[in-house]
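Protein chains: 2
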Amino acid sequence: MKRTWMILFMVCITVSSLFAAPRVYKLKMATTWGPTLSPLIDAAQNMAQLAEELSQGQLKIQIDTANKHKAPLGILDMVKGGQYDLGHTASYYWKGKDINTLPFTSMPFGLTAPEQYAWFYHGGGLELMQKVYARHNVLSFPGGSTGVQMGGWFRKEINSLDDLQGLKMRIPGFAGEIMARLGVQVTNIAPGELYMALETNAIDALEWVGPSMDIKMGFHKIAPFYYTGWHEPASEMQFLINQRVYKKLPEHLQKVLIAAIRLAAYDMYIQNYDMNAEAWQEMKKEYPNIKVETFSKPIMDAMKKANQDLVREMTSKNPLLKEVLDSQKAYIKKVREWSMMSDYLYLKDNLQ
Amino acid sequence: MKRTWMILFMVCITVSSLFAAPRVYKLKMATTWGPTLSPLIDAAQNMAQLAEELSQGQLKIQIDTANKHKAPLGILDMVKGGQYDLGHTASYYWKGKDINTLPFTSMPFGLTAPEQYAWFYHGGGLELMQKVYARHNVLSFPGGSTGVQMGGWFRKEINSLDDLQGLKMRIPGFAGEIMARLGVQVTNIAPGELYMALETNAIDALEWVGPSMDIKMGFHKIAPFYYTGWHEPASEMQFLINQRVYKKLPEHLQKVLIAAIRLAAYDMYIQNYDMNAEAWQEMKKEYPNIKVETFSKPIMDAMKKANQDLVREMTSKNPLLKEVLDSQKAYIKKVREWSMMSDYLYLKDNLQ
Chain A
1 MKRTWMILFM
11 VCITVSSLFA
21 APRVYKLKMA
31 TTWGPTLSPL
41 IDAAQNMAQL
51 AEELSQGQLK
61 IQIDTANKHK
71 APLGILDMVK
81 GGQYDLGHTA
91 SYYWKGKDIN
101 TLPFTSMPFG
111 LTAPEQYAWF
121 YHGGGLELMQ
131 KVYARHNVLS
141 FPGGSTGVQM
151 GGWFRKEINS
161 LDDLQGLKMR
171 IPGFAGEIMA
181 RLGVQVTNIA
191 PGELYMALET
201 NAIDALEWVG
211 PSMDIKMGFH
221 KIAPFYYTGW
231 HEPASEMQFL
241 INQRVYKKLP
251 EHLQKVLIAA
261 IRLAAYDMYI
271 QNYDMNAEAW
281 QEMKKEYPNI
291 KVETFSKPIM
301 DAMKKANQDL
311 VREMTSKNPL
321 LKEVLDSQKA
331 YIKKVREWSM
341 MSDYLYLKDN
351 LQ
Chain B
1001 MKRTWMILFM
1011 VCITVSSLFA
1021 APRVYKLKMA
1031 TTWGPTLSPL
1041 IDAAQNMAQL
1051 AEELSQGQLK
1061 IQIDTANKHK
1071 APLGILDMVK
1081 GGQYDLGHTA
1091 SYYWKGKDIN
1101 TLPFTSMPFG
1111 LTAPEQYAWF
1121 YHGGGLELMQ
1131 KVYARHNVLS
1141 FPGGSTGVQM
1151 GGWFRKEINS
1161 LDDLQGLKMR
1171 IPGFAGEIMA
1181 RLGVQVTNIA
1191 PGELYMALET
1201 NAIDALEWVG
1211 PSMDIKMGFH
1221 KIAPFYYTGW
1231 HEPASEMQFL
1241 INQRVYKKLP
1251 EHLQKVLIAA
1261 IRLAAYDMYI
1271 QNYDMNAEAW
1281 QEMKKEYPNI
1291 KVETFSKPIM
1301 DAMKKANQDL
1311 VREMTSKNPL
1321 LKEVLDSQKA
1331 YIKKVREWSM
1341 MSDYLYLKDN
1351 LQ
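Quick note, the sequences are listed as chains A and B, same order. In terms of the working numbering, the first sequence opens at residue 1 and continues consecutively. In terms of the working numbering, the second sequence opens at residue 1001 and continues consecutively.
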């Protein structure tokens, strides 16, 4: 009998240890951003904290910012290769590698933030994003919207298409290609050198993000014309997850991770809305002569045409990209009328 | 020795049972809505499901809809009294009981959905809501936004203030008080009788919600003038929690509950954005002669003046209500310029 009780005790200890100490999953996440780049880094930190709290410590996500891994534009490769389990970044950084990833950040003249979230979660957008990223063995989820990005800071007023001819502007990516078709001399310059380049007239204009992130750069001190947005109406960041890592997680922790991601994304959109409002008030107070302008109709029409041409060229030989862009286009057609009837007409009558 | 092993076994069984079977908390939630009232009931169900999934079954929230408890407008009392642990409802239903609860749903000419979430989470709104609800021993959280609610369905076009004189309109609550000051004969009619009342000219107009919820009511078939919104630019639902129940939950489950609530609220905003877009397309297709109109400037100005007068009267003897409304007003002053620079000007140039 002594032996029986002893065995029972041993069995009990073994079995209970399985329950008493749930396995902790330590994951590593690489971000495109440095440790102080609000609100982008906040979204990554918020997600990691939510995942840990909601899983009662079973998910521990260590964040390596760009300062650590030194490869801000290598996130997709590092998550794909398993060097990192997760990433926080923006989809359009991979357009050189895989053009199909482009439309999941934002497209010129595309969806606004609520429209785009509605497309992701109710209009087939998320499924299309998974289809594109499955080719890289990576899962991809919306990771926070900046809302409308501004059209950029210009030292001189832009009244006509002529004013754009030969204008030296830092505007990377797809928007830069459009500007180039309008005669702009598009350049790329490292962020740390942008202010000096603008001040010394090495460039005449530049595009950055919006008030919340522009304010620290100080462009408003030397380029008083702030043009409204057209090229990134709702830039959505992305959380990437290595597919094998995801599959190995217990179902419960998969659900926690997905919920933490969805919540952190929405949270960033709202946080940045507040930060933009606050930063704009500060800028304006300090530099009351900043002029908010919209590009004239001829310029906008030329941008729209260049955008359509570029999209047509890109999609002609790429059915998957066409599928994604057609889906966005169809969704805009459905949703935009509602945006105009609701938010647009409400705001129109309630200028403060 | 036999006794020792036996005791050790008993201790092991007892201790391990604490870990092996985490306590399940069964909570009951009452909703103002019936079981099919999308998207409102969906937000309640989504929250309950998230809470259960994220807590690995430790939180089980049973939902009683209005069909069961028969007290759609008794949610605050039932949660306060402990009959229910949680509620899903709208704050402005309690304005008769406690006027301070009014502004947390939406105010005429107030904040839009992203502006209001930014106010709740970054502008002190949530703290003010807790301050108001603490008097009822209840915690209150944002529970899903309908976005802009439409101004209502009218059988005849409204061109001037004269057209409003004696007009019989179903428009309850604070907006109804404003309309009454403009000469409208304000009535309240049970939802089930509204269509008939409109069809038989017992009323000339009515306010409901927006396309997603109006479509089932069929008003568009008999009242072709659909006026844009002014009175509820972003009606936010609320999740209520009995304070004692909340305090008894382990900290981990409190965090799960709060996260599930925040996520379900955002999710509803996006779901309803999609539903509105879809429903509007359907309505318009079936009844292409529906006319979307905005009230003329003289009417809007009169509404704004009546709103200001009413707010002044309500706040003159109520410092807490004044504190809440002043906070919203200050936040609009800060945030609205950004809304105009970003979403408004973007949409203006991108009519589809």
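Treat the hints with care, since some could be wrong.
Once the Cα atoms are required to be at most 30 Å apart in a straight line, the calculated DSBU-like pairs of lysine-lysine come out as [as the list claims (entries may be wrong)]:
| hint | chain 1 | residue 1 | chain 2 | residue 2 |
| --- | --- | --- | --- | --- |
| 1 | B | 1333 | A | 60 |
| 2 | B | 1097 | A | 348 |
| 3 | A | 304 | B | 1284 |
| 4 | A | 255 | B | 1216 |
| 5 | B | 1095 | B | 1348 |
| 6 | A | 333 | B | 1348 |
| 7 | A | 80 | A | 95 |
| 8 | B | 1060 | A | 285 |
| 9 | A | 68 | A | 247 |
| 10 | A | 216 | B | 1334 |
| 11 | A | 285 | B | 1216 |
| 12 | A | 329 | B | 1348 |
| 13 | A | 284 | B | 1334 |
| 14 | A | 255 | B | 1248 |
| 15 | A | 216 | B | 1329 |
| 16 | A | 284 | B | 1248 |
| 17 | A | 334 | B | 1348 |
| 18 | B | 1304 | B | 1068 |
| 19 | B | 1285 | A | 329 |
| 20 | A | 26 | B | 1255 |
| 21 | A | 333 | B | 1221 |
| 22 | B | 1248 | A | 304 |
| 23 | B | 1060 | A | 156 |
| 24 | B | 1216 | A | 221 |
| 25 | A | 333 | B | 1284 |
| 26 | A | 291 | A | 156 |
| 27 | A | 284 | B | 1216 |
| 28 | A | 348 | B | 1216 |
| 29 | B | 1284 | B | 1216 |
| 30 | A | 216 | B | 1097 |
Listed next, the stretches of chain B that the computed footprint assigns to chain A, with coverage defined by at least 3 CB atoms under 8 Å from CB atoms of chain A [as the list claims (entries may be wrong)]:
| hint | stretch |
| --- | --- |
| 31 | 1053-1065 |
| 32 | 1318-1328 |
No lab work stands behind these hints, which were simulated from the structure alone. Note that the coordinates shown come from a computational prediction; the quantities given were computed from them, not determined experimentally. Quick reminder that beta carbons are idealized off the backbone N, C-alpha and C, glycines included.
Status of each hint after checking the structure:
1. Annotation: proposed proximity of residue 1333 (chain B) to residue 60 (chain A) is violated, straight-line Cα distance about 41 Å (limit 30 Å).
2. The suggested pairing of residue 1097 (chain B) with residue 348 (chain A) is violated, with an alpha-carbon distance near 34 Å, which exceeds 30 Å.
3. The hinted pair formed by residue 304 (chain A) and residue 1284 (chain B) meets the criterion: a straight-line CA distance of about 28 Å does not exceed 30 Å.
4. Note on residue 255 (chain A) and residue 1216 (chain B): the hinted pairing is violated, with a Cα-Cα distance of about 34 Å set against a maximum of 30 Å.
5. Note on residue 1095 (chain B) and residue 1348 (chain B): the hinted pairing is violated, with a Cα-Cα distance of about 37 Å set against a maximum of 30 Å.
6. Pair hint residue 333 (chain A) plus residue 1348 (chain B) holds up; C-alpha atoms about 15 Å apart against a cutoff of 30 Å.
7. This hinted pair checks out: residue 80 (chain A) and residue 95 (chain A) have alpha carbons roughly 16 Å apart, not beyond 30 Å.
8. Distance check on the hinted pair: residue 1060 (chain B) and residue 285 (chain A) sit about 51 Å apart at the alpha-carbon level, beyond 30 Å; violated.
9. In summary, the hint linking residue 68 (chain A) to residue 247 (chain A) is supported, as the alpha carbons are separated by about 27 Å, within the 30 Å threshold.
10. Between residue 216 (chain A) and residue 1334 (chain B) the CA atoms are separated by roughly 19 Å; this keeps the pair inside 30 Å, and the hint holds.
11. Only pairs whose Cα atoms come within 30 Å are accepted, and residue 285 (chain A) paired with residue 1216 (chain B) is rejected, the gap being roughly 49 Å.
12. Straight-line distance between C-alpha atoms of residue 329 (chain A) and residue 1348 (chain B) comes to about 18 Å, which keeps the hinted pair within the 30 Å bound.
13. For the suggested pair residue 284 (chain A) and residue 1334 (chain B), the alpha carbons sit about 12 Å apart, so the restraint of at most 30 Å is met.
14. Simply put, residue 255 (chain A) and residue 1248 (chain B) have alpha-carbon atoms about 25 Å apart, close enough for the 30 Å limit, and the pair holds.
15. For a cut-off of 30 Å, the pair hint linking residue 216 (chain A) to residue 1329 (chain B) stands: about 28 Å separates their Cα positions.
16. Annotation: proposed proximity of residue 284 (chain A) to residue 1248 (chain B) is violated, straight-line Cα distance about 48 Å (limit 30 Å).
17. As the CA atoms of residue 334 (chain A) and residue 1348 (chain B) are separated by approximately 17 Å, the hinted pair is consistent with the 30 Å bound.
18. For a cut-off of 30 Å, the pair hint linking residue 1304 (chain B) to residue 1068 (chain B) is broken: about 40 Å separates their Cα positions.
19. Our distance criterion of 30 Å between C-alpha atoms is met by residue 1285 (chain B) and residue 329 (chain A), whose separation comes to about 19 Å.
20. Proposed proximity of residue 26 (chain A) and residue 1255 (chain B) is supported: the alpha carbons are some 21 Å apart, at most 30 Å.
21. For the hint linking residue 333 (chain A) to residue 1221 (chain B), the alpha-carbon distance of about 24 Å falls within 30 Å, and the restraint holds.
22. For the hint linking residue 1248 (chain B) to residue 304 (chain A), the alpha-carbon distance of about 58 Å lies beyond 30 Å, and the restraint is violated.
23. Distance restraint check for residue 1060 (chain B) and residue 156 (chain A): the Cα-Cα separation of roughly 61 Å exceeds the 30 Å cut-off, and the hinted pair is therefore not satisfied.
24. At most 30 Å may separate the alpha-carbon atoms for a hinted pair to count; residue 1216 (chain B) and residue 221 (chain A) exceed this at roughly 54 Å.
25. Between residue 333 (chain A) and residue 1284 (chain B) the CA atoms are separated by roughly 14 Å; this keeps the pair inside 30 Å, and the hint holds.
26. Our distance criterion of 30 Å between C-alpha atoms is met by residue 291 (chain A) and residue 156 (chain A), whose separation comes to about 11 Å.
27. Our distance criterion of 30 Å between C-alpha atoms is broken by residue 284 (chain A) and residue 1216 (chain B), whose separation comes to about 47 Å.
28. This hinted pair checks out: residue 348 (chain A) and residue 1216 (chain B) have alpha carbons roughly 29 Å apart, not beyond 30 Å.
29. The hinted pair formed by residue 1284 (chain B) and residue 1216 (chain B) meets the criterion: a straight-line CA distance of about 14 Å does not exceed 30 Å.
30. With a C-alpha separation of about 47 Å, the suggested pairing of residue 216 (chain A) with residue 1097 (chain B) is violated against the 30 Å cut-off.
31. Under the rule that three or more residues need a Cβ within less than 8 Å of chain A, the assignment of the stretch 1053-1065 of chain B holds, with 3 such residues.
32. Coverage of the stretch 1318-1328 of chain B by chain A is violated [criterion: at least 3 residues with CB-CB distance below 8 Å; count 0].
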